[in-house]
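A.B. asks: Residues per chain are reported as follows:
Number of protein chains: 2
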Amino acid sequence: MSWTIDETHDPARTSWVPGADDHPEFPIQNLPLGIFSDGQAPRGGIAIGDRILDLAALAESGLLVGEAQQAAVAASGPTLNPLLALGARPRRALRRAVSALLSEPAREDAVSRWLYPAAACTLHLPAAVGDYTDFYVGIHHATNVGKVFRPDNPLLPNYKYVPIGYHGRASSVRVSGTPLVRPCGQLKAADAAAPVRAPTRRLDFELEMGVWIGTGNGLGETIPIGSAAEHVAGLSLLNDWSARDIQAWEYQPLGPFLAKNFLTTVSPWIVTAEALAPFRTAQPARPADDPVPLPYLLDANDQAEGALAITLDVTLTTPAMRAAGMAPVRLSRSAATHMYWTIAQMVAHHASNGCDLRPGDLLGTGTISAPTHEGFGSLLELTRAGAEPIALPTGEVRSFLEDGDELTLAGRAEAPGYRAIGFGPCTGIVLPAISA
Amino acid sequence: MSWTIDETHDPARTSWVPGADDHPEFPIQNLPLGIFSDGQAPRGGIAIGDRILDLAALAESGLLVGEAQQAAVAASGPTLNPLLALGARPRRALRRAVSALLSEPAREDAVSRWLYPAAACTLHLPAAVGDYTDFYVGIHHATNVGKVFRPDNPLLPNYKYVPIGYHGRASSVRVSGTPLVRPCGQLKAADAAAPVRAPTRRLDFELEMGVWIGTGNGLGETIPIGSAAEHVAGLSLLNDWSARDIQAWEYQPLGPFLAKNFLTTVSPWIVTAEALAPFRTAQPARPADDPVPLPYLLDANDQAEGALAITLDVTLTTPAMRAAGMAPVRLSRSAATHMYWTIAQMVAHHASNGCDLRPGDLLGTGTISAPTHEGFGSLLELTRAGAEPIALPTGEVRSFLEDGDELTLAGRAEAPGYRAIGFGPCTGIVLPAISA
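Residue numbers (the UniProt record's numbering), protein chains in the order written: chain X, 1 to 436; chain P, 1 to 436.
Take the hints with a grain of salt, since some may be wrong.
[Stated by the list, open to error] To be clear about the criterion: a stretch of chain X counts as covered by chain P if any three or more of its residues have a C-beta under 8 Å from a C-beta of chain P, and this derived list gives those stretches: (1) 179 to 191; (2) 248 to 256; (3) 260 to 274; (4) 355 to 365.
[Stated by the list, open to error] A few chain P positions that, by computed beta-carbon distances, are all more than 10 Å from chain X: (5) ASP38; (6) GLY39; (7) PRO42; (8) GLY66; (9) GLU230; (10) PRO295; (11) GLY354; (12) ARG419.
Hint data in this document are derived by calculation from the structure and do not stem from the laboratory. Cβ coordinates follow ideal geometry from the N, Cα and C atoms, glycine included.
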């Protein structure tokens, strides 16, 4: 139901909000949810063009009724968790009501007072993250990374049966724009007898999407694959910053820890399942030799339209580029269709042992690399672990991120006959390590 | 400061609470913190003998002043996170004030009205767990598990440099007494071509301690080893239930996931750092061939008294044992001194890359096995992965846990010249899988 196409997706629908119809990311067909502040307390908002609609004010306005009003009330606090907990129906009702308010010219007088310029607002994390889980469903990334260790057999035997995932750190998830302090950690050179503690020399990004859980499940209960998509409230972009040298030394036998938990950045807006409905597409067919997913992960409808047509870009600026007034350089262009498992499969697998998911939980997809070099989703892959540095227009080269570098992820959902929508930036600048 | 011995540890101090002086776990020298309910809303309490002192009522009583009153107010809500956030000083002030109230006979009339029989109360999780991190500092456990895979080289090269840890699942941490629904998952026999989905056949416990974080650190900040112990509010017992067959198939390359996150059980009381002060002891000397810890993990005072003299017991009852009225059988006796890294080293390492810890975060130590068989902390070790089943007094045998089995952890801190204290039970019964 939440993924149903309705009148809010009509590409002919326009808004009276100045500039919204020409906005590359937030036309009236998007209406993503976030938390903003402007001097008053943080509260829920919806992006429209370069403005933010105040949901707390809207809840007080008397303009909404029924489930839409219930949703706006739930979005009036400092996190969207109460709204996410309501599930798809009130969220969709709010979308339809806001779409109507922002499209009908007669509503401009009543509503425009609750629109603020986004540039004057601060954006916050949209929800308090209860648990953050990072998956590994980008098969080209998994293959590229595996080749470093096992050239002849890069994918482990479980990969095509298990949507591999692991627990990440919730406390250090932050909203786009949060600076990254270069972390220190134990680094051990291959020929060194012992590790040293030093700032990471192999600071990397990971191009991912973040999945926000709406309604959850109780401990001991599972989420059937057929209804798993209904538990997804929406998506953001996610950069799982990584320190490759810390990772190489620490990760066995229990997985990455300090190599990843110093910061995870998400874009500020939850682009809702409702907004993404037109961009559903078939999950790419598995190669003929690949196993069929086990029944608890297999659903015909999910295979038919459980993937999403979202283009993903990574851009970089260096201090020298900014000093020269140069535009960001694109490091990568990938797409969300390069996921071996669907989002529904991730959700169903996560709960398949009775693990409870909660509203506001965040699932990372893992790095989404395209099959070929121009779409690799990390510097580890793009530079072949530093062996083939990237040449920048300034004459600089990059093996890994250097202090002052600013990295930005962008995403764009497109489908024939529909208005394209975007996610807003997921960005961060690298600050020097504080001390070793 | 929080680990200082003061008048509250005087073994001669007695309480007017009936039976408290003879209580094996909760004499007046303990005073652990928890959350209880008795028909009214959950709120903070302190265990004394077989009673619970209502901290919300105490905060209203006018009997406390200053930091002790501040602490009682912070403990009046449904979680202890606000109290944990205050840090050691108010917590210690509350301890000293409550110790005085419960020891001075003249206070009985004023205070006894806020004491409830523990047997009539429900105990809850003491804090909302922001993040749960599980370490791996039980070196005998790590060696035993490593031997399964690498008989000649069981410990990986990083083990004696890095306090190995990984992120666990916060949502499925529950208080003692929560039943365990046997999880289903992907199981793959060594000789099978593909996995099947089925209830786990290798359900295990893990004998651990849980460390509750008090004050935290900001993102990008570190916690120096010399002050790391001050960030510890107290300890509980922790059972990190594990499905060994799910684990074996899923864990590479990113670590355990669904094998662990279906339930983690903690004992209900936070035995505070203050209460544990007399039981500090020297960290066992490393073997001469072992490396010296890197400077950020090395502190003379921590080495001198950063370990804890706590005996740890594991007991089991089966349905047949209960039907026959038999007492629980002890599976293991270990001790917290079998940790290769101290709690302060775990905390300092966790924050060493700038990862932010928050009040109420929970650190598991990892399985604390003794060096010899009678003190192994999991069935994987006790039965050598099922090859040597345990014989029970009923004539039954156990390789792994069966439906109806009830497993209990217990802990006891002892030191010459001081009153021993306990932790309360950490228990759970295994219920059948709901469906495959």
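A.B. asks: Now look at each hint and say whether the structure bears it out.
C.D. replies: Checked hints:
1. 179 to 191: holds (count 6)
2. 248 to 256: holds (count 8)
3. 260 to 274: holds (count 3)
4. 355 to 365: Coverage by chain P holds for the region 355 to 365 of chain X (5 residues, Cβ < 8 Å).
5. ASP38: ASP38/P is indeed farther than 10 Å from all Cβ atoms of chain X, at 24 Å.
6. GLY39: With a cut-off of 10 Å, GLY39/P remains clear of chain X, as the shortest Cβ separation is near 24 Å.
7. PRO42: holds (18 Å)
8. GLY66: Check passes; 31 Å lies beyond 10 Å.
9. GLU230: holds (19 Å)
10. PRO295: Given that some Cβ of chain X is not farther than 10 Å from that of PRO295/P, nearest at about 7 Å, it is violated.
11. GLY354: violated (5 Å)
12. ARG419: holds (37 Å)
When held up to the earlier numbered hints, the structure conflicts with 10 and 11 and fits the remainder.
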